[in-house]
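> Each chain is listed here by its residues.
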Amino acid sequence: MRSFLQALRDGLLRAAQLRLALPLYLAALLLGLLQAWPAALAGGTGPLLDDLAAGTNDALAMLFIADAGAVTPVALLWSLLTLGAALAYAAAYNLFSGGILSAWAGGAFWPGCRRYFWGFTGLGALLLMLAVLAISAAILVGMVGGLTAATLTALGLLQLVGLWGEYARAAAVASGRPSPLAALGAGARSIMRQPLGVLALAGLGLLLHAAIAAAYGALGGRAGWAAPILQQAAVLGWLWVKLLRLGWAAAYTRGGNL
Amino acid sequence: MGLLADTHRCVRALRLCSAQFARWRSLICAIIVLSADSYKTAMRHNYLLILLSILLAPLLLAAAPPPRSAPPPRAATPPDVASYTLRVTLDPAAKTVRGEGLIAYRNPSPDTLRELWIRLYLKAFSTPDSLWLRESGGAHRGFDSADSRGDITLSRLALRGGPDLLASSTLTDTLLRVPLPTPLAPGALVELEVAWESLLPRVFARTGYGGRDDSFFMVGQWYPKMAVYHAGRWDTEPWHANSEFFHDFGRYELEITAPAEYIVAGVGVPSAGPRTVGAARIWPFLAEGVTDFAFAASPDFVTHTAQSGPTEIVLYDLPREGGAAARYLDVAVGALAAYSAWFGAYPHPRLTLIDVPASAGGAGGMEYPTLITGGTLGAEPDAGFLELVVAHEIAHQWWPMQTATNEGREPWLDEGLTEYSGIRYQLESGRELGFGAISAPVYDLASYAAGPGVRSDLPAWEYDSEYAIAVYSKPAVGLLTLERVVGTERFRAAMAAYLAKWRFRHPTAADFRAAMEAELGELGWFFDDYIGGTGMIGYRAMPIVNGPDGSSVRVERSGAIPVPAEVLVRFASGRTQLLAHDGGAAPLELSFPAADPVRAVVVDPEHKLYAELDRRDNGAYAELRLLPQAGFAARLAFWTQLIIQSLGLFG
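Order-wise, the sequence lines are chains A and B.
Using my numbering, the letters of the first sequence correspond one by one to residues 1 to 258.
Using my numbering, the letters of the second sequence correspond one by one to residues 1 to 651.
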């Protein structure tokens, strides 16, 4: 219990260094703005543009209804480019998470980014493979238990794989060994040392994410001109919780104390 | 002893009155009863008795069963044209229903009838050569017949206490022509003794069995049903695959015998509790002022009840993990109240909801008088479509269960009005559909967009794959447009006036049009051009011309339908002016002085013309629209950030 409370406190103190999240936030913002290019085409949508700006899904649906032939290729291209943006953001996360963890461990940010980038990229590839296995397992469960069982299984397993990834990164920086396989092993050992505490903190992180989603869901539709501010606050909040989870991982990992 | 007897009279009077009236009214009733009683019998303790009543009333009223609310007043009483008194037995093992009883038919017309026509719907499933199976290709609403066979065989048809009629009757597909030995005069009654056996198919088209161990039964279109004599002729149109039903109002009194472990739910109300006879139970039902009788049976039903105004709602649920009982009842209570307020009170004391198992999905999404079938994927997320289906089926309790329109000949008159009512309720109650949270009307708009050039006023049998668009989506979207154009209050008043005039009377589309135009004025654009035509609604705002002599604005009607449209003009000073295009072929051309140039012209700024599929050309602007473009850009950036953070932060 004592080490759980210690980890809880240490993680919060680490995450309070919000400036460390700035590079990641700016990377997401830049990619987001690049992906806003369809807005330049939307000038010819007449009164629909006001509905699109207000953000109702009805407006999007009506755009397709108006001219599916013209809108569909744009939508497909946007989706494809967003996937590319996700890969670029993953690379940014692999870069900056090394710096963040190094800074928490008393080292320097940018050297930390450089030192752990390739190791974390390899770790990301391994996590992706584990994610594919998790989804496959969920599909098997779904064949027996139905769609809801499959969905819950997928979400649960993916959360565990993500958690494993966080602890693997923290362990890699704590041990100074950027090797992906070594990091995975060290991460697993960190988790197994305090499984209940780790899961409790992970659950708390999930709750915080859910709270942010719920708050945006409740306020987003009524924000009017303040919508962009609310949106960016939600993005920053989401990122901060991710930072917090990484901070808890760093706190629980041996040698990761402040 | 005298006082004890008098106290007993008080208690009896209060019990009697509390069964008829609510609360304080029942107390006054009791006082009147006792006063009349004391006047007749000259009781010595009159005033003491009244005081005793007042003192006892709170206790008795608390203990009394809830008073049965008076049914809502009806504008008209349904005629008893075709009434049925039947005793039937469900044999789950054999998948049969055997029945016998009496059909009472009263000639509703001014004509003398020399023959009767009876519909035997289950004959459609007795041979692959039936019209229904040939037209449907053996499938219905996505459910396959899989060689499932059904049938109905009459063993007796005779005049009550009189000669046999079966021998002289002729069967063509699902229609039985029955010559009468004696003509039936206008208003006269003929009673037929009937006995038959129905073989139920594995359900794929509304009626049959399925579910756990094939123990779920939804029994519809299962008994010999009188056809309709209307407007000087019998309706002898064969039963087509796309057709639904057309029947007269009447009284149904049924006793349904089923094995003791089965729970039976039926149209109307239980006229008494089920009684056990050996290994079976007999379920009695009574339904008045209805056009059909259907029932469901399952050993797995669990009932849940709710109240919507004076109407009791009973759900026969099939529990499963994450079951939908609360969802069923929530939407049923709300929809019943909404439609009653908009169109006219629901005229029955009870509404029955039947949950349908996934393996018997062909029985789901169906309407009968006072009874609807839903169907859910159980615990599967269905994105709100359960509520949409239930709201739709409940709207059928108005269209056609109170109007009894010919669903085959003019299907849009019930499905279109019902689909409109359902999506309107979804909109009013703030429900959205799909994981993308889209409002219900957009789904019908998208469906309409898939085939906007179809006419909606054709008989069901003249449609093929475009049936749903023509009969459901296009009329629903059109009625939503009409409502927005004339205003919600006026529209609902017109619909209520239509119902009040034509309730229980078999109106046609012409009658609906006359009723609506009597309230709303000429509606040629809706009935002739939209419902009866192939054109679309469309408007276009041409580019604004601003010059030293002033501003010129031009709005053209690009669609074929001459519906009037509002035009908003916004000026540089911020001033706005709301004008109107009359819907004619000529464009609206306007000029404004140079002192205050025009900055924007928007046709239909409040989106009243919901059926206009492409609104992109509804606006002309003499300015850069940076703010909405920036707003849309910010939203696109936000969606991107959400997606890449969800995926990319995984690593």
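FYI, nobody ran anything at the bench for these hints, they're computed from the structure.
By construction, the Cβ of each residue, glycine as well, lies at the ideal position given by its N, Cα and C atoms.
Be a bit skeptical, because a hint or two may be false.
Derived coverage of chain A by chain B (criterion: at least 3 residues anywhere in the stretch with Cβ under 8 Å from a Cβ of chain B; other residues may be distant) [unchecked claim]:
| no. | segment |
| --- | --- |
| 1 | 10–18 |
| 2 | 48–55 |
| 3 | 201–207 |
| 4 | 247–253 |
Residues from chain B shown here face chain A by an in silico Cβ test under 10 Å; the list is partial [stated by the list, open to error]:
| no. | residue |
| --- | --- |
| 5 | Ile282 |
| 6 | Ser429 |
| 7 | Arg625 |
| 8 | Pro628 |
| 9 | Gly631 |
> Going through the numbered hints above, which ones does this structure break? Give me the numbers in ascending order.
The structure breaks hints 1, 3, 4, 5 and 6; every other hint is satisfied.
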